[in-house]
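Engineer: Add chain B to chain U, keeping to what the hints say.
2 protein chains.
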Amino acid sequence: MPLRSDWSSATCAIARSLQSVGDPWTLLILREAFVGTTRYEQFRDNLGIADNVLSRRLAAMVENDLLRKSPYRGEQRTHEEYLLTEAGADLYPVLSALGRWGAKHTPPPANGRRIRAIHLTCGRAARSVDYCTFCQVPLTSADVAWHRLWLDEEPTPLATASGE
Amino acid sequence: MPLRSDWSSATCAIARSLQSVGDPWTLLILREAFVGTTRYEQFRDNLGIADNVLSRRLAAMVENDLLRKSPYRGEQRTHEEYLLTEAGADLYPVLSALGRWGAKHTPPPANGRRIRAIHLTCGRAARSVDYCTFCQVPLTSADVAWHRLWLDEEPTPLATASGE
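As given, the protein sequences belong to chains U and B, one line each in that order. Last residue of the first sequence: 164 (the numbering used here), numbering continuous. Last residue of the second sequence: 164 (the numbering used here), numbering continuous.
Derived by calculation from the structure, the hints in this document are not laboratory data. Be aware that a few hints might be false.
No distinction is drawn between identical chains; accordingly, a pair holds when it is met within one copy or between any pair of copies.
Restricting the straight-line Cα-Cα distance to at most 20 Å, the calculated cross-link-like pairs of lysine to aspartate or glutamate (DMTMM-like) are [stated by the list, open to error]:
hint: 1; residue 1: K69; residue 2: E80
hint: 2; residue 1: K104; residue 2: E86
hint: 3; residue 1: K69; residue 2: E154
hint: 4; residue 1: K104; residue 2: D65
hint: 5; residue 1: K104; residue 2: D6
hint: 6; residue 1: K104; residue 2: E63
hint: 7; residue 1: K69; residue 2: E41
hint: 8; residue 1: K69; residue 2: D51
Okay, chain U solo, but in the shape it has when bound:
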């Protein structure tokens, strides 16, 4: 018996999504991609994830068209980096919804640190998952910055889909 069900042809769009993103590490890798992480070693170090788990997840995310691999020239040789596709960037509302729920319904971290999602156009904190209620426009990762209040003077604009 497989460890997981196959929901790729489910009638329900929620179930079909979970086929690609129904895994916590996949969503945390996406979170890293949104704040600009692109290289294998950066994902590994930032997430504290085991090599075999990270390799498998990144391969599946490329296979599922959430990330794409792109070569870059390192000091010694050419490496690969992982960039958000359009489908990957469109998962911003899923992360936004999870973050908003966690901020409301889980105990705050002992260090008191918190993040605000800022609409770049107006500079206001987002009050909805994917819509600026002030400007009355949709919010995508191209329009949003995450302000890590304990770390950054300025909010960090999120990464968005990279062209080929």
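Structural biologist: Just chain B now, kept in the frame of chain U:
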């Protein structure tokens, strides 16, 4: 080594959320709860989920305060039903975001069936995860109906948090 990491005290609110809801079955059980499923046998039959998996997930969801157990009087004896808590009902935007992404980025099902989220107040299809862009009000599960276009004449209002 545990099968999963413990993110319950992570700085990141997304990671803390994934501690409770970073599992596909948990999110599909929630989907069922939103359309009115409350009994063990209904969850099992509607989801095609194995008994041991369902029992473990329901227990964890009660433990994590997403569902609460409530007795009801059956024909022969008293049974338990599972009702959404406030924290459970507040996960509506997570399901909404997953559904919207799946509708856009996964192949539609062979049967062509699709669901629309309708704002009960205005009767219009939602264009944002958690905000009615027409009425300019937030959308919660108390304000939304899912219209299963192939099945129902009328949209089904979603369940919301049950009082004690």
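Engineer: Confirm or reject each hint.
Structural biologist: Cross-check of the supplied hints:
1. Proximity of K69 and E80 under a CA criterion of 20 Å is satisfied intra-copy only: 6 Å inside one chain copy versus 50 Å between copies.
2. Within a single copy, K104 and E86 get their C-alpha atoms only as close as 29 Å, which misses the 20 Å cut-off; across copies the closest is 11 Å, which meets it.
3. Within a single copy, K69 and E154 get their C-alpha atoms no closer than 29 Å, and across copies no closer than 45 Å, so neither meets the 20 Å cut-off.
4. For a Cα distance limit of 20 Å, the shortest separation of K104 from D65 across copies, 13 Å, qualifies, whereas the shortest one inside one copy, 31 Å, does not.
5. For the homomeric pair K104 and D6, the shortest alpha-carbon distance between copies (19 Å) is at most 20 Å, but the shortest distance inside one copy (32 Å) is not.
6. Taking identical chains as interchangeable, the C-alpha atoms of K104 and E63 lie at most 20 Å apart only when they sit on different chains, with a minimum of 17 Å there against 34 Å within one chain.
7. When the C-alpha separation of K69 and E41 is checked against a cutoff of 20 Å, the pair qualifies only within one copy, where the shortest distance is 14 Å, while the shortest distance between copies is 45 Å.
8. Taking the shortest alpha-carbon separations for K69 and D51, only the intra-copy value of 17 Å comes in at or below 20 Å, while the best inter-copy value is 40 Å.
In this structure, the one hint that does not hold is number 3.
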